[in-house]
Amino acid sequence: MADADVKTAAAEGDAPDAVDEAPKKPVDPDFEPEIIVFACHYCAYAAADLAGSMRLQYPSNIRMIKLPCTGKLEVIHLLKAIEAGADGVYAAGCMEGECHYLKGNLWARKRVDHVKSLLAEVGIEPERIEMYNMSSAMGARFAEVATEFTERIKALGPSPVRREGVDVHAAARDAAAGVAMPDDPAPSAVTSEEGPAE
Amino acid sequence: MITAERKPLDEILALVGDNKKVLVAGCDTCVAICLTGGEKEAEILASELRIKAEQDGRDASVEHTAAIRQCEWEYLDMIAEKVADADIVVSMACGIGIQSMAEKFEPKLVVPGVNTNMLGMPQEHAVWLERCGACGDCVIGETAGICPVVRCSKSLMNGPCGGSHDGLCEVTGPEKEEIDCAWHLIWERLKTQGREDLMYVNRPPKNWSRSSSGGPRKMVREEAKPV
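If you're matching them up, the sequences are chains A and B in order.
Going by our numbering, the first residue of the first sequence is number 1, and it counts up by one from there.
Going by our numbering, the first residue of the second sequence is number 1, and it counts up by one from there.
These are calculated hints, taken from the structure and not from any lab test.
Honestly, I wouldn't trust all of these hints.
Derived lysine-lysine pairs resembling DSS-like cross-links, with alpha carbons at most 27 angstroms apart [what the hints assert, rightly or not]:
#, chain 1, residue 1, chain 2, residue 2
1, A, Lys72, B, Lys40
2, B, Lys82, B, Lys218
3, A, Lys103, B, Lys40
4, B, Lys225, B, Lys206
5, A, Lys110, B, Lys108
6, B, Lys40, A, Lys116
7, A, Lys103, A, Lys154
8, B, Lys20, B, Lys40
9, B, Lys40, B, Lys21
10, B, Lys7, A, Lys110
11, A, Lys110, B, Lys176
Covered stretches of chain A, as calculated for chain B (at least 3 residues, CB under 8 angstroms) [what the hints assert, rightly or not]:
#, region
12, 47–61
13, 73–87
Virtual Cβ for every residue (Gly too), placed ideally from N, Cα, C.
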């Protein structure tokens with residue numbers, strides 16, 4: 001009788017099949033990934049500003065670290081962001097051929113590709129890291145990339161090395177402290193200088 | 001310079017085993033210049049090992065450091081404290097540095113994180129070519145400054161052989177890349193020097209006992225030894 005029950009369950013596709021491909025991780029609808037963006041001051045960071053001015057919607061999962069050029073980004077900065085528990089990391093540099101420093105974005109792409117191979121080596125999906133190119137005029141593209149990448153990471157699920165209680169952005173920023181630029185002050189924090197007080 | 005390539009991660013993990021406190025030690029001389037084992041690369045490997053340990057649910061602490069040169073006792077003193085604190089050291093130095101560490105810090109477990117591969121010349125950025133076999137009996141004074149020991153696939157002293165074709169060797173590299181025929185290069189350069197006659201010199205068998213075939217080598221400069 002028990003055998004018959006098992007067979008029925010298997011026939012209906014309820015029994016787990018350990019032999020076939022590994023079961024796909026179900027997408028958790030509540031999963032909100034933490035994503036670090038290394039953005040070039042001349043393009044992607046300005047594009048983010050433009051997206052804001054255009055009132056474009058994009059996921060709040062992304063946290064930016066501003067760089068003078070993505071060419072300043074080193075392998076260890078990307079790895080440390082993953083190590084800190086980021087679910088995804090991407091670099092956003094100028095369009096190819098348009099780098100303010102000529103080839104910084106091309107170096108960044110090579111480094112991102114190298115980190116993909118390092119992640120594969122330690123058993124983490126290489127898709128968690130990416131390189132994008134955009135100009136400062138591409139506010140819509142910035143929002144599109146942020147949305148597309150966030151969806152990609154949501155489908156992958158949390159990073160296997162995600163840690164609760166860690167401020168991923170702060171940790172990634174600390175690791176890149178030697179190359180990161182200060183964030184632009186938020187509009188409310190801008191103070192007006194009206195000359196020396198009498 | 002001495003060049004090396006990083007070992008595959010699986011091999012390093014097998015060497016590290018269950019040791020909990022791991023120190024990845026870079027060397028900031030030759031292996032740093034060939035972008036394999038300097039402080040930067042040591043930090044990258046340490047990060048990889050931490051991510052892997054976290055993922056496997058293993059309790060491991062991985063730190064990194066670097067010595068200016070791992071092949072000299074004085075520089076090893078500068079990292080002695082960190083070495084003492086570790087269960088195992090993954091050295092990213094060449095084979096000389098790794099052995100210096102193992103000897104200096106005996107019985108500390110010191111394992112290699114790289115494969116030392118050649119005495120190479122940086123041909124262009126990120127490309128190195130083997131140029132010297134450290135054979136202990138240099139012949140390039142007669143071969144137009146081109147070493148037949150490492151640049152001829154067969155290390156011929158009286159080349160070229162019948163496998164030289166259009167300036168290329170009949171042997172190809174591991175990635176099937178073409179290899180220049182060293183003796184063709186020698187002939188072409190001897191012509192520019194007006195020394196073609198050297199091509200007709202019959203060289204006797206080389207004395208390989210001065211190379212590693214003669215056992216471990218030792219060099220002593222009596223005049224330079226401390227008094």
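Flag every earlier hint the structure violates by its number, smallest first. 2, 4, 5, 7 and 12
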